[in-house]
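Protein sequences appear in the order of chains F, W and H.
In terms of numbering that gives the first Met the number 0, the first sequence is residues 0 to 261.
In terms of numbering that gives the first Met the number 0, the second sequence is residues 0 to 261.
In terms of numbering that gives the first Met the number 0, the third sequence is residues 0 to 261.
Hints were generated in silico from the structure; no laboratory data involved.
Check each hint, because a few of them may be wrong.
If several chains are the same, the list does not tell them apart, and a pair holds so long as it fits within one copy or across any two.
[Said to hold, decoys possible] Simulated crosslink set (BS3-like; lysine-lysine; CA at most 30 Å straight-line):
id, residue 1, residue 2
1, LYS249, LYS12
2, LYS134, LYS1
3, LYS14, LYS1
4, LYS185, LYS1
5, LYS249, LYS222
6, LYS222, LYS251
7, LYS182, LYS220
8, LYS222, LYS211
9, LYS222, LYS12
10, LYS1, LYS56
11, LYS211, LYS249
12, LYS134, LYS220
13, LYS14, LYS251
14, LYS134, LYS222
15, LYS62, LYS251
16, LYS256, LYS14
Listed below are the residues making up each chain.
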Amino acid sequence: MKFNNRNVFISPKAKLGNNVRIGDNTAIYDNVEIGDDSVICDNCVIGEPPNAYYSAKTYENPKTIIGRNAMIRSYSIIYAGTQAGDHFNTGHRAIVRENTIMGHYCSVGSQSIIQGNATLGNYTRLHTNVLIATKSILGDFVYIYPFVCFSNDPHPPSDIVLAPEVGDFTQVAVHCALLPGVKIGKMCLIAANTTVVRDVPDESLVVGNPGKIVGPVSMVKSKEFPGQNHYPWMYTFERGMPWEGIGYDKWKAEQSKINDNK
Amino acid sequence: MKFNNRNVFISPKAKLGNNVRIGDNTAIYDNVEIGDDSVICDNCVIGEPPNAYYSAKTYENPKTIIGRNAMIRSYSIIYAGTQAGDHFNTGHRAIVRENTIMGHYCSVGSQSIIQGNATLGNYTRLHTNVLIATKSILGDFVYIYPFVCFSNDPHPPSDIVLAPEVGDFTQVAVHCALLPGVKIGKMCLIAANTTVVRDVPDESLVVGNPGKIVGPVSMVKSKEFPGQNHYPWMYTFERGMPWEGIGYDKWKAEQSKINDNK
Amino acid sequence: MKFNNRNVFISPKAKLGNNVRIGDNTAIYDNVEIGDDSVICDNCVIGEPPNAYYSAKTYENPKTIIGRNAMIRSYSIIYAGTQAGDHFNTGHRAIVRENTIMGHYCSVGSQSIIQGNATLGNYTRLHTNVLIATKSILGDFVYIYPFVCFSNDPHPPSDIVLAPEVGDFTQVAVHCALLPGVKIGKMCLIAANTTVVRDVPDESLVVGNPGKIVGPVSMVKSKEFPGQNHYPWMYTFERGMPWEGIGYDKWKAEQSKINDNK
């Protein structure tokens, strides 16, 4: 099966933690650091050098950091200069360009691309085939669904970069386009195939092309628990969440205490 | 040219039929069976183990079956536990996740992804960049065009999986989104960039966001044969179809006889 | 770092110019010609044979031409029979199918696919995840943004191929669908998530699903230079353009003189 050490390239300048498994045909370039117990599957490239490498007379690969317990699936490309927290997860063929900073428990789905210099909080997930434009900012627990595209040029082509921002807990459903510079608040739901053309306040439900606010997100009824609201979803969903088994409010209270003691 | 037997990995537990060609850099994992006269091009992975492989102390790769006369193009990944009938065809970088069952003459285009536990009938084709959600059910002769996304979570995130179903002969044009759990009937045409938000009866033409039924599919006039209808397309298109040269009605009558004799 | 000459395949029938660098795991097939100072990164395939290769008893790979100063990023697949001018650039995993003719300074972004027999002028750029249908024709300085899909079958499935055409300088923003056979004029702006359903005259701004002409492109005001128009963009954007430093009008006048002297 896997991990036969076939055709693997690991730079002598890379630092691998304990119990790191590297798949066949994978390349780990200079100045990559990978945390303990991580799995890098077959055919991956970690520490992919940005453009300067091809033209510079002297070149030093920027540091690339992958936390502990990563699971990076085959054919993914993580550029040099990028950092992922612990429990980083990718699908197949994810691309994360340079100087992207990701928190813990982030996930980048198959064929999704982060174009670089972006920021993702903790527990933020990109599903399959998502495109995150350069300099985008995503909070914690943000989920972006397939074929969503963030854009950042208000009148292409131009020299202006206006990246979108998405607040904590917000869900952006399949096939949405976020226009340059839109700021979406916390705990919003952007419905499938919506074009987000202006800023969206917290807890809004947005639908259509152009996207319109049709009400508070609390108007969406649960299909799981009849008569109840589904949103805010922190109270109705806990699989894999840090509040699993204890509930969101208790977890949040504990987090506040931890932060107070710092 | 190709098939130089460079950097190939074939598990001793895989079974390859007669005249199977395996491309360079390809991996065929445990318990894969490939039918006679199939071509697996370069850089493919057949029998990709699902997540359990990375954590299980003992692991047995589920059986993966690829029928005869397959043409699997380079960089495709077929998960363990999946079955394809004869004449299976992929573009480059197709992904078919675990426990998907596909009939004969199915095709999965370049960069298209089937997320697993899905069912496809015979002669069903996914064009380029299609995403089929977990547990989706597609009938026979269904064609799905580029950038179409099936979704399956009615209010994300949740623990409910409501996958779409698409009936025989239905055509879903480019850039459509199918909302969770929609059932599209037989011989429908879903126009480009439509969001399918509710069930669609047989032989409907659906357009817009949200998608509306604008009439029967028979209202679409042929650009090939002026004054005639184009749909139902079984009467106007036969290239590569089993009724090629004899017509749909005669083929169908023959099929009925064959089924009666069983 | 890169270019270790690991697991490289170069056909003895390929012709490489001076100072061409070939990445690890890359295959260069028969009858490929690559111009001086080009970089082909890791895991690429140049001269990928079309279908005939797999069945033909005798097979000669068509000539594939890549100009000087190309930068082809990892995992890209360029089919045999395709030609790119000088300064050709790709992202990761671009696919350019057979018999596509591209001018100088063209660029095909990550995961973008040109389906073959297409024509691109000079300085034409496909951003990430673009799909260009067979036989499409794009002029000079055309920019196509992520998740844009060109389609070419007016009533699928059929035997008719009606590919879109896009005129010089036109910009097609993210998530647009171009219906079969539409002809978009020069210097148009197609807004995000627009479905282009009919021909578009020069200098139009098109918005919506179905796409409607909402005015001349000159009505879009600059966010960079308040009070000014942004379009025609040749007067407001010059980074990487041949008129950089001298202005569009002067460059155009020089081009006319050069053409007159031919």
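Hints versus structure:
no. : hint            : result
1   : LYS249 - LYS12  : neither (44 Å within a copy, 50 Å between copies)
2   : LYS134 - LYS1   : between (36 Å within a copy, 27 Å between copies)
3   : LYS14 - LYS1    : both (22 Å within a copy, 18 Å between copies)
4   : LYS185 - LYS1   : neither (42 Å within a copy, 43 Å between copies)
5   : LYS249 - LYS222 : within (25 Å within a copy, 46 Å between copies)
6   : LYS222 - LYS251 : within (26 Å within a copy, 41 Å between copies)
7   : LYS182 - LYS220 : both (25 Å within a copy, 21 Å between copies)
8   : LYS222 - LYS211 : both (24 Å within a copy, 23 Å between copies)
9   : LYS222 - LYS12  : neither (53 Å within a copy, 45 Å between copies)
10  : LYS1 - LYS56    : between (38 Å within a copy, 14 Å between copies)
11  : LYS211 - LYS249 : neither (34 Å within a copy, 45 Å between copies)
12  : LYS134 - LYS220 : between (34 Å within a copy, 23 Å between copies)
13  : LYS14 - LYS251  : neither (35 Å within a copy, 53 Å between copies)
14  : LYS134 - LYS222 : between (36 Å within a copy, 18 Å between copies)
15  : LYS62 - LYS251  : neither (34 Å within a copy, 45 Å between copies)
16  : LYS256 - LYS14  : neither (35 Å within a copy, 59 Å between copies)
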